[in-house]
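The chain contents come next:
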Amino acid sequence: MLLIQNLTVRYRRKATATLREVSISVGAGERVAIIGPSGSGKTTLFRAISGFVPTETGRIMVAGADILQARGGQLRTLRRGIGVIAQQHDLIERMRVYHNVMAGALGRWSTTRALRFLFWPLCGELDEARVALERVGIAEKLRARTGELSGGQQQRVAIARALVQQPVIMLADEPVASLDPDLSQHILSLLCQLAGEARIALLCSLHQHDLAERYFDRILHLQGGVLSDYAGPAVQFATAS
Amino acid sequence: MLAGFFPPDLSLSYLAALTVPLMQTISMAAGGMLIACLIGLPLAMFVGAQVRGARLAYGLLSGLRAIPDLTLAILCVVVVGIGPAAGMLALAIFYAAMIGKVFADLFLAADWRPIEALRSVGATRLMVAFYGLLPMTLTNLVSMGCYSFECAVRAAVIVGAVGGGGLGAELVGTINAFDYGRATTLIILLVIVVSALDSLSWLLRRHPRAVLLLIPLGLAALWANWPETLALRHAATTIGGMFPPALPLPALQALPRLLLETAFIAGAGTLLAAVLAVPLGLLAARNLVPAPVAMATRMLLEVLRAVPEVIWGLVLVTLVGVGPIAGVVALGLHSVGVLGKLYAEACENVRRAPVQALEATGARRLAVACYAILPLASAPVAIHTLFRLEWNLRAASVVGMIGAGGIGQALYNAQQLFFYDQMMAYVLITWAIVLLADALSDWTRRRLGWATVIA
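Protein sequence lines, in the order shown, are assigned to chains A and B. Residue numbering for the first sequence follows this note's numbering, beginning at 1 and increasing consecutively. Residue numbering for the second sequence follows this note's numbering, beginning at 1 and increasing consecutively.
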C-alpha cells in the first residue's frame, strides 16, 4: 500500500541529510512502528510521505502512484488516501469538535458543501461525526469547543478526523507522546484495532519500546536519518550511549 | 492663546447642529470600510493561500497602502467633487489596501500545523481558508478590523478637512473663524466617538458574529453617500495635467531640505512618543499596576489617541506657529496615545505560563516584570514602534499640508496654486519615501526574526 524507495531529504543550508536512503514498505492492514530519538527525522519522514517536503532522491508510492510527482488535483486525491495524526496542535481550537472531525471529509466534499457545513450542519453529517467520536470514546464532546478539551481528548478528536477521512494509509507521528500510560495504551490499541478492521496500512512513530513491541507487527529504528531493523531495547540503548 | 480653547462651546444649539456633520463622518467611515472589507478580505485570503500571483498582489497592496489618505482624498475630490462621496471613496481605497495587507500578514503568520493537517486531508485552498485560516485568526481579524474602523473614523475627520465634509470641514471652519471654543467641543466629540468605538470593538471580540450587524449600517452609509456626479472628463483632464510630473530647478534644490525636515518630523515625533509611551504603557498595563491607576492612564492615552495628527497639528499651528516643531509635537501627541496603548496590551498579552512560573518562585512584582513580562513583550513593542515610525513618515508628509513644514507643505502649496505636475512629483516622492520606510521596517523585522505582526 505504501512503498518508499531510497528517500533522501536534505534541508537547505544543512550539510548532512535529514533522511538518507530510507526504504520502507507497509502492506494493507500491516502495523509498523518507527522508534527513534527526537530529531532523528521521524516528523520529516511523515511530512515527506504527505508530499510537504522537497526531496532529493527517491520514490514514495501511495496505492500505486508516486506522490512526489503528483501536482494540484492529483496530489489532493492522493493525500485524501493518507490519514495523518500529528503530535497535537493541528486542530483548529476555535471551532467546534464536529467541525474538526468532519474536516476529514473535506477531500471528498464539494466547496459549496464545505462552506454550508460551517454554518449549517445537517443531521446526517453530525451523525457521521458522532459515530467517529463514539469509536474513540468521546461522543459527548460533539458540540464542545475544541480548545476547551484536554490534550488526550484533542488527540482523540484528531483520530476521529482521520477515521472520517477513510484513508488507506494512516500516519501517526508520536500520537501518544504527551499522554499518560493508560491513555497511551488505549489509543494505540484503538489505532491498531481500527487499522486491522479497515485493512489500513499503519505507520506510527513512538518513543516507547515496550508499546511498540506490544502493539505492532514490525518495528523499525530511525537514527540520524538512517533507517535500520530494530534489534531490541538493550542493543538500541547500547548504541545510543 | 491656549485660553482661547476654553471653555468649550457646549450650548445645546451647537451640539444639535453637530448631528449632521457627525453622521456624515461616521457614514463616510462605515461605507468606506464596507467597500474596503469586500475588496481587502478576498485579496488577503488570496495572499494568505500562497498561490501563484500572491507575491505580486502583496506588493500591490503594500504599494497602494503607501499613498497617504489625505493625498487620496485630494485626488478623489477631483474625480467625484467635494462632499462625503469623495471622502468615502478615498477611505475605501486606503483601507482596502490596509486591510488587505494587515490581514494577509495575519494569515501568513498563522500556525502552519493545522493548515498542513487540512491540506493533508486533500482540502482545496478555499476550504483551507474557511476551515483553517479564518477561524484560526478570527480574534485577531476582528480586533484589527475594529482598529481599522476606528482609524477610518479619524481619517474621515481628516479627509473631511480637504473637501469631504463632516466634522473635519466643521473643524477647519471653526479654526479659521478663530472660534476655538467650538474647536474644543469638536475634539471632545471626537474623543467620545472613538471611545464608543473602542467599547464596540470590545463587544465584537467577544461575539465575532455581531460583525454581520455592521453590514446593513455600511450599506445604508453607501446609499447615503453615493456620488451624485462622476465628473470623469474633468477628472481625466486634471489627472492628465499631473503628468508628466516635474519640478522646477529651485524646487529641486529645496528638495533635500524638505526631505530632511520630513524625516526629522517623523523621527523626532516617534522618539518623543516612544520615550513617553514606555512609562505610560507600563502604568496602563492591568497586570502590572492597580486597576484605578491603569484606568486613569488609559483615559489619558485614549484622549491623546482619539485626536489624529492633523487635528493636533491644526491646534498646534495656532499655538506655536507654522513650522516643523508643530509637526513633531502633533505626531508625538497622537503617537504617545497609540504606542502607550499598544505597549500596555503587549504587556497584558504575554503568555501566562512563564509569568506564573516566576510568580511561583515568590519573586516580587518588579522582578516578574523585568524577567518575564518585559522580555516577552519586547518583540511586539519593537514591532509596534517600527510600524509607528513607518506610519509617522507618511503622517509627517501629511501634517505638512496644514502648515507643519516638510514636503507636505510644498505639496499643498503646489495643489493650491494648481501646479498639478509639481503636486504629482511631490506625491510620487512621498510615496517613494513611505515605500522605502516600509521595506526597511520589513527587513529589520525579518532580520531580527519577528515574523509575527500582531497589533
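No wet-lab data here; the hints were simulated from the structure. Each residue gets a CB set at the ideal place from its N, CA and C atoms; glycine is no exception. You may find that some hints are simply not true.
Across the chosen pairs, the derived CB separations fall in these ranges [said to hold, decoys possible]:
| no. | chain 1 | residue 1 | chain 2 | residue 2 | range |
| --- | --- | --- | --- | --- | --- |
| 1 | B | 212 | A | 122 | 53 to 61 angstroms |
| 2 | B | 205 | A | 64 | 44 to 52 angstroms |
| 3 | A | 113 | B | 271 | 54 to 62 angstroms |
| 4 | A | 11 | B | 207 | 37 to 45 angstroms |
| 5 | A | 12 | B | 362 | 31 to 39 angstroms |
| 6 | B | 279 | A | 182 | 30 to 38 angstroms |
| 7 | A | 178 | B | 212 | 35 to 43 angstroms |
| 8 | B | 207 | A | 139 | 40 to 48 angstroms |
| 9 | B | 212 | A | 6 | 52 to 60 angstroms |
| 10 | A | 121 | B | 357 | 35 to 43 angstroms |
| 11 | A | 116 | B | 59 | 44 to 52 angstroms |
Status of each hint after checking the structure:
1. B/212 / A/122: 53 to 61 angstroms: violated, 22 angstroms
2. B/205 / A/64: 44 to 52 angstroms: holds, 50 angstroms
3. A/113 / B/271: 54 to 62 angstroms: holds, 55 angstroms
4. A/11 / B/207: 37 to 45 angstroms: Taking Cβ atoms as reference, residue 11 of chain A and residue 207 of chain B lie about 44 angstroms apart, which means the hint holds.
5. A/12 / B/362: 31 to 39 angstroms: The hint (31 to 39 angstroms, Cβ to Cβ) is violated, given that residue 12 of chain A and residue 362 of chain B are roughly 46 angstroms apart.
6. B/279 / A/182: 30 to 38 angstroms: Roughly 53 angstroms apart at Cβ, these two residues miss the hinted range, so it is violated.
7. A/178 / B/212: 35 to 43 angstroms: holds, 38 angstroms
8. B/207 / A/139: 40 to 48 angstroms: Violated: the Cβ-Cβ distance is about 29 angstroms, outside 40 to 48 angstroms.
9. B/212 / A/6: 52 to 60 angstroms: holds, 54 angstroms
10. A/121 / B/357: 35 to 43 angstroms: Between residue 121 of chain A and residue 357 of chain B, where Cβ atoms are some 41 angstroms apart, the hint holds.
11. A/116 / B/59: 44 to 52 angstroms: violated, 35 angstroms
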